[in-house]
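Protein chains in written order, with the numbering used here: chain A, 2 to 475; chain B, 3 to 133.
Hints are computed from structural coordinates only; laboratory data are not their basis. All figures in this text were calculated on a predicted structure; none of them were measured in a lab. The reader is advised that the hints may include incorrect statements.
Stated by the list, open to error - Quick list of simulated restraints, FRET-style, between CB atoms:
#, chain 1, residue 1, chain 2, residue 2, range
1, A, P465, B, D116, 40 to 46 Å
2, B, I83, A, V314, 51 to 57 Å
3, A, A68, B, P62, 52 to 58 Å
4, A, E43, B, Q52, 49 to 55 Å
5, B, I83, A, Q345, 56 to 62 Å
6, B, P62, A, E43, 27 to 33 Å
7, B, A50, A, P465, 36 to 42 Å
8, B, E123, A, G407, 25 to 31 Å
9, A, Q464, B, Q52, 43 to 49 Å
10, B, T39, A, W295, 28 to 34 Å
11, A, A135, B, Q52, 51 to 57 Å
Stated by the list, open to error - If we take Cβ atoms under 8 Å as the criterion, some of the chain B residues that face chain A in the derived model are:
#, residue
12, E71
13, E84
14, M102
15, G104
16, G125
17, L127
To be verified - Pairs of lysine to aspartate or glutamate residues, derived as EDC-like cross-links and limited to a Cα-Cα distance of at most 20 Å, are as follows:
#, chain 1, residue 1, chain 2, residue 2
18, B, K122, B, E84
19, B, K122, A, D178
20, A, K333, A, E188
21, B, K122, A, D251
22, A, K333, A, D236
23, A, K98, A, D266
24, B, K122, B, D88
25, A, K333, A, D435
26, B, K122, A, D435
Where a beta carbon is used, it is the ideal one built from N, C-alpha and C, also for glycine.
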Amino acid sequence: MDVLRWPVIGRALRWRHARTTMQLVLLALAVVVVLHGLFGPEIASSNLSTVLVWVHYRGLLAVALLAVGNLFCAGCPFIRVRDWGRLIHAPRLHWPKWLRGKWVALLLLVAVLFTYELFDLWSLPRATAWLVLAYFGAALVVDLVFTGATFCRYLCPIGQFNFVASTVSPFELRVRDAGTCGACRTEDCIAGHRAAPAPAPIVQRGCELGLFLPSKVGNLDCTFCLDCVQACPHDNIAIAPRAPGIELADTRRRSAIGRLANRPDLAALVLVFVFGALVNAFAMVTPVRGVEQWLSRALGTRSETVVLGAIFVVALGIVPAVLVGAAAAATKRLTGDRVRSTGQIVMRYVFGLAPFGFGAWLAHYAFHLLTGILVVVPVVQSAAIDLAGRAVLGEPLWRWAGMRPGHVFPIQTGLILLGTIGSLGVLSLIASQDEPDRAERALVPWALVVLALCAFAIWVMYQPMEMRGLGAGG
Amino acid sequence: MPHRLALIVALVAAVTAGGACRRAPTSADITIGLTVTPQAPVVGEAVAAQLSLRDMRQRPIAGATVQLEAHMTHPGMAPVIEPAPDRGGGQYDASLSLTMAGDWVLFADVRTADGQRVRKEIGRLTARHGG
Chain A
2 MDVLRWPVIG
12 RALRWRHART
22 TMQLVLLALA
32 VVVVLHGLFG
42 PEIASSNLST
52 VLVWVHYRGL
62 LAVALLAVGN
72 LFCAGCPFIR
82 VRDWGRLIHA
92 PRLHWPKWLR
102 GKWVALLLLV
112 AVLFTYELFD
122 LWSLPRATAW
132 LVLAYFGAAL
142 VVDLVFTGAT
152 FCRYLCPIGQ
162 FNFVASTVSP
172 FELRVRDAGT
182 CGACRTEDCI
192 AGHRAAPAPA
202 PIVQRGCELG
212 LFLPSKVGNL
222 DCTFCLDCVQ
232 ACPHDNIAIA
242 PRAPGIELAD
252 TRRRSAIGRL
262 ANRPDLAALV
272 LVFVFGALVN
282 AFAMVTPVRG
292 VEQWLSRALG
302 TRSETVVLGA
312 IFVVALGIVP
322 AVLVGAAAAA
332 TKRLTGDRVR
342 STGQIVMRYV
352 FGLAPFGFGA
362 WLAHYAFHLL
372 TGILVVVPVV
382 QSAAIDLAGR
392 AVLGEPLWRW
402 AGMRPGHVFP
412 IQTGLILLGT
422 IGSLGVLSLI
432 ASQDEPDRAE
442 RALVPWALVV
452 LALCAFAIWV
462 MYQPMEMRGL
472 GAGG
Chain B
3 MPHRLALIVA
13 LVAAVTAGGA
23 CRRAPTSADI
33 TIGLTVTPQA
43 PVVGEAVAAQ
53 LSLRDMRQRP
63 IAGATVQLEA
73 HMTHPGMAPV
83 IEPAPDRGGG
93 QYDASLSLTM
103 AGDWVLFADV
113 RTADGQRVRK
123 EIGRLTARHG
133 G
């Protein structure tokens, strides 16, 4: 099956301006988010900036990743502005080799998560607008200096989140016929398409992230931009269905990525992705107040920055390291593995936690999306009153929100269980690949880790919500 | 084609954003006082709110239709909205039952007898779980 061959959707996706159209739609929304955020009401529940970003964008992004793939990177408005900027100034420098990895992006992702919690960003329309502007500015500046998709590949925190989450998406871009690629001499999918042989100019760029389709495996680092589809002169690229998550057990060398087992930065990214989901959800429920108060007393400080920093160090650093280290050591002992080190076992299995992490993110974002999906209606009505001075779209229907929180809990539980099952499946596959005769023994420690995380996630979702947010220090 | 699309999108965004930027006319003619009991409310328990409406000469405003709205600081959560009947002397009473722990912003939506309309923030509350 190839989605690009479907009658209507396929034709729309293959349309040369499909990506630009998606980008322009999201750019228009971003303009609304920024302007209403900067100049609209300062109450988060009444401002399109906070409503669209923290309720709708996050939720729909996760749903799109679950249902299709990395659609929001495909329609990224930051890259639309960057491309306009590059019409004026072409970048000349290459991103330094020593920075080519996910470490900087990982730090930025942690910084965004930390800032979000510290300043209660969800409650601050102005800050939300500035955050969006900062993304635009960073993408523009970085990619006007450095060639290729430097910002997407090495820096963008949202992109890294999407890359990891898209490993469990049901579709991927891949070649239709390997033989056609074998006979290809121009490699347009990565080099770009020229109307005539070089030195004629490139009329359609190839993959900016350096993914060479014949050796591309899975969705990691794929922005779903379809540049490769447009560039391939042989029409040999498909959007094909696949078993979600299977790529996490794939040991093949991947174009532009290498082998997963040799990428500690990607392993760390997956851990932050998984445990960040739990921290992000835990911060929204009542028990976190007790933890904060206890830490405040234990550390002898009232500084929220210090207390939250301690929580982050423990939850995103110490706990994951101890858990996966212990699981790997147990696997090594149970299987009698004398070849691989504990670290090598960690590097093999840790990727199997990604489906659970995605399930936890999805459960959290689904809560906000489902309980607040209709709030955009009264907020737009209210904005219309601000615009026209009268209720041109009717009186704001403030009672419109969405599902009752209690009704969402079964859905959240289902999503967490789905992610858990996905992780158990991937880990089981890894165990059976690595230890065909002792797969069960190899799997047990990791299965226990996943089940423990699952139990914690469901417990968190079951806790009463306590959403603080009166701005910094509030 | 992309340029035409870009132009259309830019126009739509500009019009929408223009609307976003204009603020509703606020009435300085009406001051709204608020007294809440208890000041540290518990989720699910009644919160008595007394609103005091006065005009610019500090005279009580009677006969207004008043609604008290409580919105969480997190966007997307269902608000609690209750009518605040006129008790005379410019006093309007409402009873709220906050549905979730956390920070709430209180708004008064006032329509005076002479047709003036005011909606503004009048206070904030932090609700906690009981027990």
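Okay, the hints, checked on the actual structure:
Between A:P465 and B:D116 the C-beta distance comes to about 44 Å, which sits within the given range of 40 to 46 Å. Evaluation of the 51 to 57 Å hint for B:I83 and A:V314 yields a failure: the beta carbon distance comes to about 42 Å. A C-beta distance of roughly 57 Å is found between A:A68 and B:P62, which places it inside the suggested range of 52 to 58 Å. For the pair A:E43 and B:Q52, the supplied restraint of 49 to 55 Å is violated, since their beta-carbon distance comes to about 25 Å.
As the Cβ distance of B:I83 to A:Q345 is approximately 59 Å, the hint placing it in 56 to 62 Å holds. Here the CB-CB span from B:P62 to A:E43 is close to 29 Å, well matched to the stated 27 to 33 Å. Between B:A50 and A:P465 the beta carbon distance is about 23 Å. The supplied range of 36 to 42 Å is therefore violated. For the hinted restraint 25 to 31 Å between B:E123 and A:G407, the CB-CB distance of approximately 28 Å keeps it satisfied.
Remark: the range hint 43 to 49 Å for A:Q464 to B:Q52 is contradicted by a beta-carbon distance near 33 Å. In this structure the supplied range 28 to 34 Å holds for B:T39 paired with A:W295, their Cβ-Cβ distance being about 31 Å. Between A:A135 and B:Q52 the C-beta distance comes to about 43 Å, which lies outside the given range of 51 to 57 Å. At a threshold of 8 Å, the smallest CB-CB gap from B:E71 to chain A is about 6 Å, leaving the interface hint in force.
Taking 8 Å as the C-beta contact cut-off toward chain A, the hint placing B:E84 at the interface is violated, the least distance being around 11 Å. Because the closest C-beta pair between B:M102 and chain A is about 5 Å apart, less than 8 Å, the hint holds. Hint on B:G104 holds. Least Cβ distance to chain A is approximately 4 Å, under the 8 Å limit. Look at B:G125: its Cβ only gets to about 12 Å from chain A, farther than 8 Å, so that hint breaks.
Interface hint at B:L127: violated, since its Cβ lies 11 Å from the closest Cβ of chain A, which is beyond the 8 Å cut-off. Annotation: proposed proximity of B:K122 to B:E84 holds, straight-line Cα distance about 15 Å (limit 20 Å). A distance of roughly 63 Å separates the Cα atoms of B:K122 and A:D178; the hinted pair therefore is violated under the 20 Å criterion. Taking the CA atoms of A:K333 and A:E188, the gap is about 43 Å. The hint is violated against a cut of 20 Å.
For the proposed pair B:K122 and A:D251, the alpha carbon gap of about 57 Å is over 20 Å, so the pair is violated. Restraint check for A:K333 and A:D236: not satisfied, since their Cα atoms lie roughly 47 Å apart, outside the 20 Å limit. The suggested pairing of A:K98 with A:D266 holds, with an alpha-carbon distance near 14 Å, which does not exceed 20 Å. For the hint pairing B:K122 with B:D88, the CA-to-CA distance comes to about 18 Å; that is within 20 Å, so the pair holds.
The suggested pairing of A:K333 with A:D435 holds, with an alpha-carbon distance near 11 Å, which does not exceed 20 Å. Straight-line distance between C-alpha atoms of B:K122 and A:D435 comes to about 64 Å, which puts the hinted pair past the 20 Å bound.
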